[in-house]
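When you get a sec, could you build the whole thing from the sequences and use the hints?
Counting along the sequence shown from 1, when you hit position 64 you're at 64 in the UniProt record's numbering, and nothing is skipped either side.
Calculated directly from the structure, the hints in this document are not laboratory data.
There may be inaccurate statements among the hints.
[Said to hold, decoys possible] Below, a list of computed lysine-lysine pairs in the DSSO-like style, where the Cα atoms sit at most 30 Å apart: (1) Lys103 x Lys49; (2) Lys103 x Lys151; (3) Lys102 x Lys151.
[Unchecked claim] Cβ pair distances, simulated, as ranges: (4) Val2 x Pro150: 42 to 48 Å; (5) Leu24 x His70: 52 to 58 Å; (6) Asp149 x Phe7: 45 to 51 Å; (7) Arg162 x Asn101: 22 to 28 Å; (8) Leu161 x Asn67: 42 to 48 Å.
All C-beta atoms, glycine included, are put in the ideal place defined by N, C-alpha and C.
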Amino acid sequence: SVSHHIFDRVVLYGEAYSTALSELGEDTEREGLLRTPLRAANAMQFFTKGYQETTQGESILNDAIFNESHDEVVVVKDIDFFSLCEHHLVPFFAHIAYIPNKKVVGLSKLINCAFVFTVFSHMCMTMRGVQRINAKTVTSVLLGTFRQDPKTREEFFSLILRK
Numbered sequence: 001s002v003s004h005h006i007f008d009r010v011v012l013y014g015e016a017y018s019t020a021l022s023e024l025g026e027d028t029e030r031e032g033l034l035r036t037p038l039r040a041a042n043a044m045q046f047f048t049k050g051y052q053e054t055t056q057g058e059s060i061l062n063d064a065i066f067n068e069s070h071d072e073v074v075v076v077k078d079i080d081f082f083s084l085c086e087h088h089l090v091p092f093f094a095h096i097a098y099i100p101n102k103k104v105v106g107l108s109k110l111i112n113c114a115f116v117f118t119v120f121s122h123m124c125m126t127m128r129g130v131q132r133i134n135a136k137t138v139t140s141v142l143l144g145t146f147r148q149d150p151k152t153r154e155e156f157f158s159l160i161l162r163k
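Okay, structure coming up:
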């Protein structure tokens with residue numbers, strides 16, 4: 001079952017966190033760290049839960065797709081969307097944009113499927129390395145009109161950069 005698989009994964013993550021803490025010289029039996037490996041394992045399971053989800057079809061969107069005739073850019077910015085970067089496993093944050101094609105998505109559902117165009121703020125620039133709080137690494141995936149039309153791309157950037 002899915003819940004059994006998730007439990008097994010959390011147990012494995014917990015063992016790995018315990019090993020990592022021990023290798024750092026920490027006493028995993030001291031009071032402050034007793035449940036830390038399990039808490040970290042549950043956090044990792046939460047942070048990576050989207051890795052098993054798919055954006056194919058309408059299942060992730062439930063019934064939040066509506067027929068509409070407009071085709072203007074829709075941007076959701078400054079949202080608490082986050083995941084882990086693949087290089088350092090630290091959080092990043094994003095803006096989302098899409099262009100409706102006779103259908104619009106309920107705005108709250110966009111957070112569940114940041115798959116068209118996103119700009120990320122990678123914490124690996126602020127938490128480690130150069131340690132610059134306002135530094136941003138911009139990672140973009142251009143698809144469809146965002147790739148083909150420079151004006152659409154420019155509109156997106158002007159919308160997300162506007163304060």
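Outcome of the hint check:
no., hint, in the structure
1, Lys103 x Lys49, "27 Å, holds"
2, Lys103 x Lys151, "22 Å, holds"
3, Lys102 x Lys151, "21 Å, holds"
4, Val2 x Pro150: 42 to 48 Å, "44 Å, holds"
5, Leu24 x His70: 52 to 58 Å, "54 Å, holds"
6, Asp149 x Phe7: 45 to 51 Å, "47 Å, holds"
7, Arg162 x Asn101: 22 to 28 Å, "25 Å, holds"
8, Leu161 x Asn67: 42 to 48 Å, "31 Å, violated"
Checked against the numbered hints above, the structure violates only hint 8.
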